[in-house]
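S.K.: In order, the protein sequence lines correspond to chains A, B, C and D.
Just so you know, the numbering used here puts the end of the first sequence at 314, numbered straight through with nothing missing.
Just so you know, the numbering used here puts the end of the second sequence at 314, numbered straight through with nothing missing.
Just so you know, the numbering used here puts the end of the third sequence at 230, numbered straight through with nothing missing.
Just so you know, the numbering used here puts the end of the fourth sequence at 230, numbered straight through with nothing missing.
None of these hints come from the bench; they were simulated from the model.
Be careful, since some hints might not be right.
[Stated by the list, open to error] Label-pair ranges, simulated between beta-carbon atoms:
no., chain 1, residue 1, chain 2, residue 2, range
1, D, R8, C, G146, 44 to 50 Å
2, A, M151, C, E209, 49 to 55 Å
3, A, R297, D, E142, 36 to 42 Å
4, B, A300, C, P90, 26 to 32 Å
5, A, P55, C, D159, 33 to 39 Å
Here a beta-carbon is modelled for each residue, glycine too, at the ideal position from N, C-alpha and C.
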Amino acid sequence: MIETTLDTVCRIGKVAFKNPVVMASGTFGFGKEYGKLYDLSKLGGISGKGVTLHPRPGNPGIRVYETPSGMLNSVGLENPGIRAFLDEECAFWERLDTVRIVNLGGGTVQDYVEGARLIDEDSTVREREGRQAVDMIELNISCPNVKAGGMAYGIKTSVAREVVREVRAATSLPLMVKLSPNAEDIADMAQMCEEEGAEAVSLINTLSGMKIDVRRRRSVFDNLYAGLSGPAVKPVALRMVHQVCKRVGIPVVGMGGISCAEDIIEFIMAGAEAVQVGTYNFVNWQAGAELAAGVERFMAEEGIRSLDEIRGIL
Amino acid sequence: MIETTLDTVCRIGKVAFKNPVVMASGTFGFGKEYGKLYDLSKLGGISGKGVTLHPRPGNPGIRVYETPSGMLNSVGLENPGIRAFLDEECAFWERLDTVRIVNLGGGTVQDYVEGARLIDEDSTVREREGRQAVDMIELNISCPNVKAGGMAYGIKTSVAREVVREVRAATSLPLMVKLSPNAEDIADMAQMCEEEGAEAVSLINTLSGMKIDVRRRRSVFDNLYAGLSGPAVKPVALRMVHQVCKRVGIPVVGMGGISCAEDIIEFIMAGAEAVQVGTYNFVNWQAGAELAAGVERFMAEEGIRSLDEIRGIL
Amino acid sequence: MATIISNRRVAEGIYVMHAKGRFEAKAGQFFMVRGWENYPLLSRPLSVYDQDEQGVKFLYKVAGEGTERLARMKAGDEVTLLGPLGNGFPAVHGRTALVGGGIGIAPLYYTARQLEQADLYLGFSAEVYEEHEFRSLRHPVEIDLGGIVLDRVDFDAYDTIFVCGPEPMLRAAQMKSAMSSGRANVYVSLENRMACGIGACLVCSVGCENGRKKACSDGPVFRAEEVVLA
Amino acid sequence: MATIISNRRVAEGIYVMHAKGRFEAKAGQFFMVRGWENYPLLSRPLSVYDQDEQGVKFLYKVAGEGTERLARMKAGDEVTLLGPLGNGFPAVHGRTALVGGGIGIAPLYYTARQLEQADLYLGFSAEVYEEHEFRSLRHPVEIDLGGIVLDRVDFDAYDTIFVCGPEPMLRAAQMKSAMSSGRANVYVSLENRMACGIGACLVCSVGCENGRKKACSDGPVFRAEEVVLA
Ligand SMILES: Cc1cc2nc3c(=O)[nH]c(=O)nc-3n(C[C@H](O)[C@H](O)[C@H](O)COP(=O)(O)OP(=O)(O)OC[C@H]3O[C@@H](n4cnc5c(N)ncnc54)[C@H](O)[C@@H]3O)c2cc1C
Ligand SMILES: Cc1cc2nc3c(=O)[nH]c(=O)nc-3n(C[C@H](O)[C@H](O)[C@H](O)COP(=O)(O)OP(=O)(O)OC[C@H]3O[C@@H](n4cnc5c(N)ncnc54)[C@H](O)[C@@H]3O)c2cc1C
Ligand SMILES: Cc1cc2nc3c(=O)[nH]c(=O)nc-3n(C[C@H](O)[C@H](O)[C@H](O)COP(=O)(O)O)c2cc1C
Ligand SMILES: Cc1cc2nc3c(=O)[nH]c(=O)nc-3n(C[C@H](O)[C@H](O)[C@H](O)COP(=O)(O)O)c2cc1C
Ligand code: FES
Ligand code: FES
Numbered sequence: 001m002i003e004t005t006l007d008t009v010c011r012i013g014k015v016a017f018k019n020p021v022v023m024a025s026g027t028f029g030f031g032k033e034y035g036k037l038y039d040l041s042k043l044g045g046i047s048g049k050g051v052t053l054h055p056r057p058g059n060p061g062i063r064v065y066e067t068p069s070g071m072l073n074s075v076g077l078e079n080p081g082i083r084a085f086l087d088e089e090c091a092f093w094e095r096l097d098t099v100r101i102v103n104l105g106g107g108t109v110q111d112y113v114e115g116a117r118l119i120d121e122d123s124t125v126r127e128r129e130g131r132q133a134v135d136m137i138e139l140n141i142s143c144p145n146v147k148a149g150g151m152a153y154g155i156k157t158s159v160a161r162e163v164v165r166e167v168r169a170a171t172s173l174p175l176m177v178k179l180s181p182n183a184e185d186i187a188d189m190a191q192m193c194e195e196e197g198a199e200a201v202s203l204i205n206t207l208s209g210m211k212i213d214v215r216r217r218r219s220v221f222d223n224l225y226a227g228l229s230g231p232a233v234k235p236v237a238l239r240m241v242h243q244v245c246k247r248v249g250i251p252v253v254g255m256g257g258i259s260c261a262e263d264i265i266e267f268i269m270a271g272a273e274a275v276q277v278g279t280y281n282f283v284n285w286q287a288g289a290e291l292a293a294g295v296e297r298f299m300a301e302e303g304i305r306s307l308d309e310i311r312g313i314l
Numbered sequence: 001m002i003e004t005t006l007d008t009v010c011r012i013g014k015v016a017f018k019n020p021v022v023m024a025s026g027t028f029g030f031g032k033e034y035g036k037l038y039d040l041s042k043l044g045g046i047s048g049k050g051v052t053l054h055p056r057p058g059n060p061g062i063r064v065y066e067t068p069s070g071m072l073n074s075v076g077l078e079n080p081g082i083r084a085f086l087d088e089e090c091a092f093w094e095r096l097d098t099v100r101i102v103n104l105g106g107g108t109v110q111d112y113v114e115g116a117r118l119i120d121e122d123s124t125v126r127e128r129e130g131r132q133a134v135d136m137i138e139l140n141i142s143c144p145n146v147k148a149g150g151m152a153y154g155i156k157t158s159v160a161r162e163v164v165r166e167v168r169a170a171t172s173l174p175l176m177v178k179l180s181p182n183a184e185d186i187a188d189m190a191q192m193c194e195e196e197g198a199e200a201v202s203l204i205n206t207l208s209g210m211k212i213d214v215r216r217r218r219s220v221f222d223n224l225y226a227g228l229s230g231p232a233v234k235p236v237a238l239r240m241v242h243q244v245c246k247r248v249g250i251p252v253v254g255m256g257g258i259s260c261a262e263d264i265i266e267f268i269m270a271g272a273e274a275v276q277v278g279t280y281n282f283v284n285w286q287a288g289a290e291l292a293a294g295v296e297r298f299m300a301e302e303g304i305r306s307l308d309e310i311r312g313i314l
Numbered sequence: 001m002a003t004i005i006s007n008r009r010v011a012e013g014i015y016v017m018h019a020k021g022r023f024e025a026k027a028g029q030f031f032m033v034r035g036w037e038n039y040p041l042l043s044r045p046l047s048v049y050d051q052d053e054q055g056v057k058f059l060y061k062v063a064g065e066g067t068e069r070l071a072r073m074k075a076g077d078e079v080t081l082l083g084p085l086g087n088g089f090p091a092v093h094g095r096t097a098l099v100g101g102g103i104g105i106a107p108l109y110y111t112a113r114q115l116e117q118a119d120l121y122l123g124f125s126a127e128v129y130e131e132h133e134f135r136s137l138r139h140p141v142e143i144d145l146g147g148i149v150l151d152r153v154d155f156d157a158y159d160t161i162f163v164c165g166p167e168p169m170l171r172a173a174q175m176k177s178a179m180s181s182g183r184a185n186v187y188v189s190l191e192n193r194m195a196c197g198i199g200a201c202l203v204c205s206v207g208c209e210n211g212r213k214k215a216c217s218d219g220p221v222f223r224a225e226e227v228v229l230a
Numbered sequence: 001m002a003t004i005i006s007n008r009r010v011a012e013g014i015y016v017m018h019a020k021g022r023f024e025a026k027a028g029q030f031f032m033v034r035g036w037e038n039y040p041l042l043s044r045p046l047s048v049y050d051q052d053e054q055g056v057k058f059l060y061k062v063a064g065e066g067t068e069r070l071a072r073m074k075a076g077d078e079v080t081l082l083g084p085l086g087n088g089f090p091a092v093h094g095r096t097a098l099v100g101g102g103i104g105i106a107p108l109y110y111t112a113r114q115l116e117q118a119d120l121y122l123g124f125s126a127e128v129y130e131e132h133e134f135r136s137l138r139h140p141v142e143i144d145l146g147g148i149v150l151d152r153v154d155f156d157a158y159d160t161i162f163v164c165g166p167e168p169m170l171r172a173a174q175m176k177s178a179m180s181s182g183r184a185n186v187y188v189s190l191e192n193r194m195a196c197g198i199g200a201c202l203v204c205s206v207g208c209e210n211g212r213k214k215a216c217s218d219g220p221v222f223r224a225e226e227v228v229l230a
């Protein structure tokens, strides 16, 4: 049997993903809902809905608008806060047989740091008790920087460095930094993360976009701009992942518009260690399981036994 | 008759466009081909295929690849050179009743400047003879900068400033600078153009993107990356146009993914003086004429008599 | 994948699709529907109009690209259905009124079919449709064409009132409820834009008295006083 | 918009579409075809397979999303056609061979129909289709299944040879032409990816001995020695 010898394992430091398919933050809740539809242990991992130190109601108004082969979202980090996440959702995570990633958002550096510390402390306790629930932190630096007039940390490398450095110091959990495609120079940003000791980077978050309701003569979104995701952005995402992979030595988790197994292979050939799948969950609720199977099918067809054979060949 | 009182005129300095619909560079040749299919005087203007001082063969290999609601192109500025353009194509332009824009590319600052000078000189001669063919230069700064290791001028404001300044000095024709969405900070870039005396900016050029042929394990394009255009990019383009309009006082010509009259209205509400239409020409060969009519229809429906009533209301 | 049994036009731009499958949908629940692969991107939420041994029915209005595609589909074609989703209408007690505006009548038919007593108020702006079907349920049916159907409903005469329709109608129902004696439990069915439909993405989130709820998995039916409509 | 008269499957994944309209297409020309609005984005180039008083015919192979959609269309549906485009085959003289590989046979039928004399060589990899139609033209027809059809053609026996098929076949034809006596004028029909189809965008550009040409408006038929195949 060819299938039994396929090696789809991906690694970030000591964390092993059974396959490259990780569900992207914000599109998969904390996994419970999709977990009722299929077996989450088929997934390489899950990145949970972004959490922040304090609970957030998210943005008012319309939060989603479909665009050609894409969607704009303006959820605005609605979340119950880290404590509620740890107290209420983590018990579910303890029982999951897949890599569990907390996606950490913030507003001030202090919020980020305190959030990371809470997660870290909780993790220490659970680990001691043999019921670990979190394998990694994904630091989302696309959040608005209150001090820098609301401009996101994710835009300027110099501004982001502080938050990465401080969060790195605040936790011993593996740290993956999630980069924004709106960054001035995403490869620079990735290099900074490597310098500051991150175990990995993930990209891309959503592209800043706009939609105007021409009859009402105003933005569809109360927040003016919103985040573009889905197949429309894939060519841009793949290019950025390739650029970042050429720049850094740490593992890169690629995402943006993935909607079939070949898309995943493209990201891996561009150098990604693993991928994340977001919007496609809305197109196909079985996305995770089907894509994981699709990667194996592709490997079997092409006689690829380990993803290492094709990773970064471009 | 409501129609007769509709004012669709757009202005850049002394140049008046009869309507906001300008055909985008590289998608419309020099107008001859589409001119056989419909009356080009229905258009606000035409931006010709990008020309460079010396003839260029363009890129080898596959030059187009369709993506979800978009396309990647890697034409690579194939063109007959400015002299051939002036000698062979311009006679056709003399007879056009629409704004004629030369799209100027380059490699070194010297090439850009010499190109601008040639166009300017030719224009002086023709004007004297009452057979003007060029109304404006659109300076495409997305071309690779030979000195800066092939990185496009369009990325860093400091690098672009020199070429804008020199070209500005080399011609008295109205100058519009075409900005790249790959710029580190597109609003900064626009502001620089205003400071350097450009009459207008146009945006966006194509977004850098990538497509990998997973069976052949190589990029589809010999040139590795290619330029993404079409409806997929519209949300990003609109956001950038809005950002730039907030920053500068000179007219902004918006483009990226326009495929219906409402799209044009969105760009104008975001602050654009006029728009350009590229990829949609391939979807609908009558795009120009239909969109121009569509804008009037929208205005009539909404009781808008002049585009000034809605321009920049966001 | 569910095979389409029939898909017929019942009025200008209004269709009824019957899709095969064994579902156990409750009144007021909905499905995420798609009749295409990857374009358009998102599935379209449609309420359960009716359910029988063969499958489920949707009453829908052509509103844009997605519903247009659905309208072009024929018997034998396949649609993808995720559902039934949401909580549907709660159990009722006492005298009940079901009030629908336009395509908002869709979830009321199956609801009415399961109730012993219900007064139906159906409002239409241009053309009346499915009147015969609603009348065949043998509940009193009041039809309003071109007016404001809510004006016909005496909120103090009912214990339970369900309202489905465009947002202005739901706001009017909130107002009317607030100004009534308060005897009736008034419920509204929301039609927020959705992506996942199952509670995972928060794009359908709605402000409620006790914080935010998800229109898809906590709703789409809410107590009228509970939700904050924009 | 052109109404589809018929659209029938003639072999596994191979269809013939007949679309209404008065065209004056020449043999070897093509149309930009779309049977949808904005998605997929680009139109698909298809050669003229045949032309009659009612309209134009295309012989096409399902290769991806666009041709799949075309294949699903039915009589009465509408397609959008831009064309006829390109220059088609030049006027011929003397003994002529028409060589087609796979779906590359499409432009040869209408060509053969207009020629007094022509030897047809049709190569297929898995299944032979449209054999009856080609034989009904009363020209000699050689069919090759699973082999290399070009091997059957003696280049020195002809004055004009037209070759249509996948790129490796065109390269082989170039080679064979170069190694022959050179008596025959050998032409190849290119299938470069296209966007505008009319010569305005340069995405179909092909390297030629005297600089670059456009496959759409300067071609799609070129002299074999003239083009540089990648
Ligand atoms: C729980 C629920 C139940 C519904 N039940 C019915 C029903 O039984 N019959 C019926 O005709 N309609 C119903 N709707 C509304 C229906 O979902 C929209 O009319 C439909 O999605 C429009 O899609 P479109 O592609 O035709 O329009 P487009 O405008 O092209 O849609 C673009 C996008 O906006 C979303 N959208 C647009 N309008 C609405 C809307 N009013 N509500 C939600 N999303 C919208 C679409 O889902 C899509 O993502 C229901 C909506 C919800 C949330
Ligand atoms: C002048 C010309 C004449 C042609 N005549 C015929 C014909 O008579 N019958 C026939 O079956 N095919 C013909 N082809 C090839 C046909 O155009 C492609 O098979 C078709 O475009 C594939 O589209 P798709 O959406 O099914 O495939 P996809 O792979 O989904 O297409 C994606 C994109 O790539 C382009 N593309 C993919 N393959 C090709 C190809 N081989 N050539 C050109 N573009 C391609 C498509 O146009 C589209 O933009 C011709 C091509 C050209 C250039
Ligand atoms: C509805 C929605 C909510 C999202 N929320 C978050 C979030 O909380 N944190 C985060 O880092 N990214 C968030 N993202 C971004 C995705 O994780 C992902 O980076 C992006 O959507 C691109 O991938 P895709 O095209 O596969 O969706 C969100 C995306 C969507 C569509
Ligand atoms: C095939 C093709 C060729 C292009 N060539 C040029 C060019 O020569 N110069 C230029 O400034 N922009 C060029 N562009 C960019 C377009 O002018 C336009 O900025 C871009 O395509 C976005 O608009 P659209 O989405 O409407 O196509 C080209 C675009 C395409 C698709
Ligand atoms: S639609 Fe995703 S949570 Fe409701
Ligand atoms: S396809 Fe545009 S020039 Fe040939």
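S.K.: Quick check: does the Cβ-Cβ distance between R8 of chain D and G146 of chain C fall within 44 to 50 Å?
M.R.: holds (49 Å)
S.K.: A300 of chain B and P90 of chain C, beta-carbon distance inside 26 to 32 Å?
M.R.: violated (48 Å)
S.K.: At the C-beta level, are M151 of chain A and E209 of chain C separated by a distance inside 49 to 55 Å?
M.R.: Because 35 Å falls outside the window, the suggested range is violated.
S.K.: Do the Cβ positions of P55 of chain A and D159 of chain C conform to the proposed distance bound of 33 to 39 Å?
M.R.: holds (36 Å)
S.K.: When you take the CB atoms of R297 of chain A and E142 of chain D, is the distance between them in 36 to 42 Å?
M.R.: holds (40 Å)
Going through the hint list in order, the structure does not satisfy hints 2, 4.
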